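Please construct the entire structure, taking both the sequences and the accompanying hints into account.
Letter by letter, the sequence shown follows residues 8 to 325 of the working numbering.
These are calculated hints, taken from the structure and not from any lab test.
Since the model is a prediction, treat every value here as computed from it, not as a measurement.
Virtual Cβ for every residue (Gly too), placed ideally from N, Cα, C.
Treat each hint with caution, since some may be false.
Said to hold, decoys possible - Ranges between beta-carbon positions, derived for each pair:
#1 Asp158 / Ser219: 37 to 43 Å
#2 Met39 / Gln199: 18 to 24 Å
#3 Glu286 / Arg204: 39 to 45 Å
#4 Asp297 / Tyr201: 33 to 39 Å
To be verified - Restricting the straight-line Cα-Cα distance to at most 27 Å, the calculated cross-link-like pairs of lysine-lysine (DSS-like) are:
#5 Lys262 / Lys209
#6 Lys274 / Lys187
#7 Lys274 / Lys41
#8 Lys187 / Lys209
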Amino acid sequence: MKKLALMALPVVALFALLWLLRTPDTDPAAMMEKYTNAQSRFAENADGLRVHYRDQGNPNGAPIIFIHGTAASLHTWEPLVDRLGAEYRIISYTQPGHGLTGAHPRDDYSFAGMADALDLIADELSLDSFVLGGNSMGGWVAWRYALANPDDIDALILLDASGMPLREGEREPPLNIGFKLLGTSAGRLLMQQYTPRSLVAKSAYQSVSVQSVMDDATIDRYWELLRIPGNRRAAALRSAADREAAYAGRVGEVKAPTLILWGAEDKLVFASAAQTFDERLPNSEAIIYDGIGHLPMEEAPDDVARDIDAFLDQVLTP
Numbered sequence: 008m009k010k011l012a013l014m015a016l017p018v019v020a021l022f023a024l025l026w027l028l029r030t031p032d033t034d035p036a037a038m039m040e041k042y043t044n045a046q047s048r049f050a051e052n053a054d055g056l057r058v059h060y061r062d063q064g065n066p067n068g069a070p071i072i073f074i075h076g077t078a079a080s081l082h083t084w085e086p087l088v089d090r091l092g093a094e095y096r097i098i099s100y101t102q103p104g105h106g107l108t109g110a111h112p113r114d115d116y117s118f119a120g121m122a123d124a125l126d127l128i129a130d131e132l133s134l135d136s137f138v139l140g141g142n143s144m145g146g147w148v149a150w151r152y153a154l155a156n157p158d159d160i161d162a163l164i165l166l167d168a169s170g171m172p173l174r175e176g177e178r179e180p181p182l183n184i185g186f187k188l189l190g191t192s193a194g195r196l197l198m199q200q201y202t203p204r205s206l207v208a209k210s211a212y213q214s215v216s217v218q219s220v221m222d223d224a225t226i227d228r229y230w231e232l233l234r235i236p237g238n239r240r241a242a243a244l245r246s247a248a249d250r251e252a253a254y255a256g257r258v259g260e261v262k263a264p265t266l267i268l269w270g271a272e273d274k275l276v277f278a279s280a281a282q283t284f285d286e287r288l289p290n291s292e293a294i295i296y297d298g299i300g301h302l303p304m305e306e307a308p309d310d311v312a313r314d315i316d317a318f319l320d321q322v323l324t325p
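What follows is the structure, given as structure tokens:
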């Protein structure tokens, strides 16, 4: 008996060590206080989906709804609020499974589940039509929504959007360490308990070319909002959700005039995808930014704001 107890000690010690090394959840109340401001609002539907959003800029301007990408939050659009808010009404929101919005009540991270949040915001603000923009996974939600709701979208803005197939001869992008871990069942399980700040920082730096946009406060925001209870589990579920690749063949049905903006140095979604979008969309123009990575709205906000303003000036009817 004593021998068995001694043999069990290393196992007990290992589990104790793993427990001590795990990354705990953050306190939702503390995160609410830290990452909201005077413009923050929450919309909630009958199913229990509660979405963090901000309605900023010129209340009489043309409304633009912006959707962030994987692991981000509405905060990623603040540089464009600063630059476009004098003329446009800028609405940003945090998608289900992210930030202060938290998990989807049905754990639905398909297009339909993510579109629930966009529908909620449009209904909350009584918007019959609007300009829709999205980055990365948010860009995928945007073009899929424009495909499903053609009469609601006045114009579409895609910033390094996902959803197009690789071009002939291309290999899968190298991805950052966070996406690599989420690509395996073991990694998805581990990341629900072990997400050190260093891991989040490395993933963030690998996503951009202009490294200065990832300062300590930004890394803290990514790390802390990821650890709101339910968000890490949501990340695991979302990474395994069906992105319905066949819809890429229908993107040409999108009616809205479309502006395609891309970072030439994007290592998550190759800039060649901008060419694919431009070839398939019937009414589009594409602009590629040299020296920019996956987040052009943060890495080159002046250029992005200028090009969005020029595009909307052409396509929106007074």
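Now the hints, each set against the structure:
no. : hint                        : verdict
1   : Asp158 / Ser219: 37 to 43 Å : 41 Å, holds
2   : Met39 / Gln199: 18 to 24 Å  : 22 Å, holds
3   : Glu286 / Arg204: 39 to 45 Å : 41 Å, holds
4   : Asp297 / Tyr201: 33 to 39 Å : 37 Å, holds
5   : Lys262 / Lys209             : 39 Å, violated
6   : Lys274 / Lys187             : 13 Å, holds
7   : Lys274 / Lys41              : 31 Å, violated
8   : Lys187 / Lys209             : 12 Å, holds
Consistency note: the structure conflicts with the earlier hints numbered 5 and 7.
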